[in-house]
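Q: In case you want the letters, here they are:
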Amino acid sequence: MRLQYPSSIRIICLPCTGKVDLIHLLRSFEKGADGVYVVGCMEGSCQFTSGNLRARKRVEQARALLNAVGIGGDRVQMYNLSSSEAPRFVEIAEEMTRNILALGPNPIKIARKKAAA
Amino acid sequence: MIVAKQKPIEEILEGVRGAGRILVAGCNECVTVCEAGGKKEVAVLASALRMSFMNQGQEVKIDEITLERQCDREYVEELRKLIDQYDVVLSLACGVGVQFLAETYLRTPVIPGVDTCFMGATEQRGVWTERCQGCGQCILARTGGICPVSRCAKRLFNGPCGGSTRGKCEIDKDLDCGWQLIINRLKELDRLEDYEVLLPIKDWSKERAGGPRRIVREDVR
Chain A
1 MRLQYPSSIR IICLPCTGKV DLIHLLRSFE KGADGVYVVG CMEGSCQFTS
51 GNLRARKRVE QARALLNAVG IGGDRVQMYN LSSSEAPRFV EIAEEMTRNI
101 LALGPNPIKI ARKKAAA
Chain B
1001 MIVAKQKPIE EILEGVRGAG RILVAGCNEC VTVCEAGGKK EVAVLASALR
1051 MSFMNQGQEV KIDEITLERQ CDREYVEELR KLIDQYDVVL SLACGVGVQF
1101 LAETYLRTPV IPGVDTCFMG ATEQRGVWTE RCQGCGQCIL ARTGGICPVS
1151 RCAKRLFNGP CGGSTRGKCE IDKDLDCGWQ LIINRLKELD RLEDYEVLLP
1201 IKDWSKERAG GPRRIVREDV R
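Chains as they are written, first to last, in our numbering: chain A, 1 to 117; chain B, 1001 to 1221.
Don't read these hints as lab results, they were simulated from the structure.
All residues carry an ideal CB built from backbone N, CA and C; glycine is no exception.
Where hints are given, some of them may not hold.
Said to hold, decoys possible - Okay, derived cross-link-like pairs now, BS3-like style, lysine-lysine, Cα gap no bigger than 25 Å in a straight line: (1) A:K19 - B:K1040; (2) A:K31 - B:K1061; (3) A:K19 - A:K31; (4) A:K109 - B:K1061.
Stated by the list, open to error - Computed, partial: chain A to chain B, Cβ under 10 Å: (5) F29; (6) Q61; (7) A68; (8) I71; (9) R88; (10) V90; (11) I92; (12) A111; (13) A115.
One chain only, chain B, in its complex shape:
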């Protein structure tokens, strides 16, 4: 899932300053799971904003809505009838949702209430870690199911660098060396010979380096 974290309330307050009618819009997907922008977080943020404005003697209308997804036209369209009632939409969806709303409703500012961080997994409640960078050319089959693009700080492709010590990365003593994980896993799979096979030079044009990406599937269009 896409992992996001809530922006500090001070930054959000600054972003909505001057607005008299605010819609706080959550998303029922990834940001709900990572407890950053689901229905609960929408209610909490809206309550905090209401109290802040009331405390400053400002009369601001704050409404709440949580869409099934903010990255799908059919759900984003649900705001069509409401959008003109608001001066600003505070979206708690990931950056994709914020942009999709902004592209759909040109006359209403949409501001983000979360910082979108990475594609990751829930290690335990309250702990999320990165697992994928969407590089567009998956090599997990060759690396024991552990990704050197997202798990190695240098995104190395053929073994660890000299900064790998006792299985940890030099950038953080608590961070596992991605390549140590790969080697351990290959050992477990009894496929350590795969480690000796050099991975070819990666085509980074399929990653973000190639500009904004697009997938078109004629078979499902």
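Here chain A stands alone, though its shape is the one from the complex:
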């Protein structure tokens, strides 16, 4: 298909989204990521039964914590799609990029720059 998606996105491959832990999401923001989204298989079709459902819960936990510490919970999202949906993958990538651009840079990154100046 040769579809293009925003070049600002870095993909981290995992065997299953069930591997995503809350600390992985938080560390991304601590290191300055503007947004993180987890793309899991469709709900009900996890090869490991509940990996994607667990991932969604962890994303929700991350959202709550990021809201509480003033980073903004909307910077982290969970999406579900099947591996054959390349056009949907691109759609999600573009949607997430739009949302993050609207939210602006991660406040941690700004604070770090200020501290270094």
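Once you have looked at the hints, place chain B on chain A.
A: Then chain B, alone, in the frame of chain A:
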């Protein structure tokens, strides 16, 4: 195990306000099992605190450690060399661990990061329920292995009260009546005649009513 739940991050932030060096100390025992204060929760809380302080433009040093137990001197001693590097220790252990740290290190404030709730069991992941109140005089042998002290809202000793309806307690329609559970279990054991035997008046002095408790065993001292 002792079951605890994490305090809201807002309350924790309030507790450590003004500190420039914070040690987040977890415990590898009960609070790890109930996912409130183990190594993972320490890492998550420390990360959240770091982000919160950075976001407010404050430079705060936040370190992490998880002790094997915070209720044993030998493990608590592991902090001896580190403790002076911190303005405050945020302990994610149960109330026992927090107090043990505080008693051991007099010059460093120790604040709790969890609310210690009860002695209980894991029903399923994310669901814990109370099973024991440490009353100091176990009567489980008489009640089919189900405790009226911890499972009955009124801690009744000889059958249910009038608030027991269809096996549920009047304080919560989802809460089993402890005495209904006991009767059901005695039926299963074919020992329903035990239900007819009156339990004697309990000596509550062995419970918390008798003041802080202590056990001394000369044979193992």
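Q: Next step is simple, just say for each hint if it's right about the structure.
A: A quick look at each hint next to the structure:
no., hint, verdict
1, A:K19 - B:K1040, "holds, 14 Å"
2, A:K31 - B:K1061, "holds, 16 Å"
3, A:K19 - A:K31, "holds, 20 Å"
4, A:K109 - B:K1061, "holds, 18 Å"
5, F29, "holds, 6 Å"
6, Q61, "holds, 8 Å"
7, A68, "holds, 5 Å"
8, I71, "holds, 6 Å"
9, R88, "violated, 31 Å"
10, V90, "violated, 31 Å"
11, I92, "violated, 25 Å"
12, A111, "holds, 5 Å"
13, A115, "holds, 7 Å"
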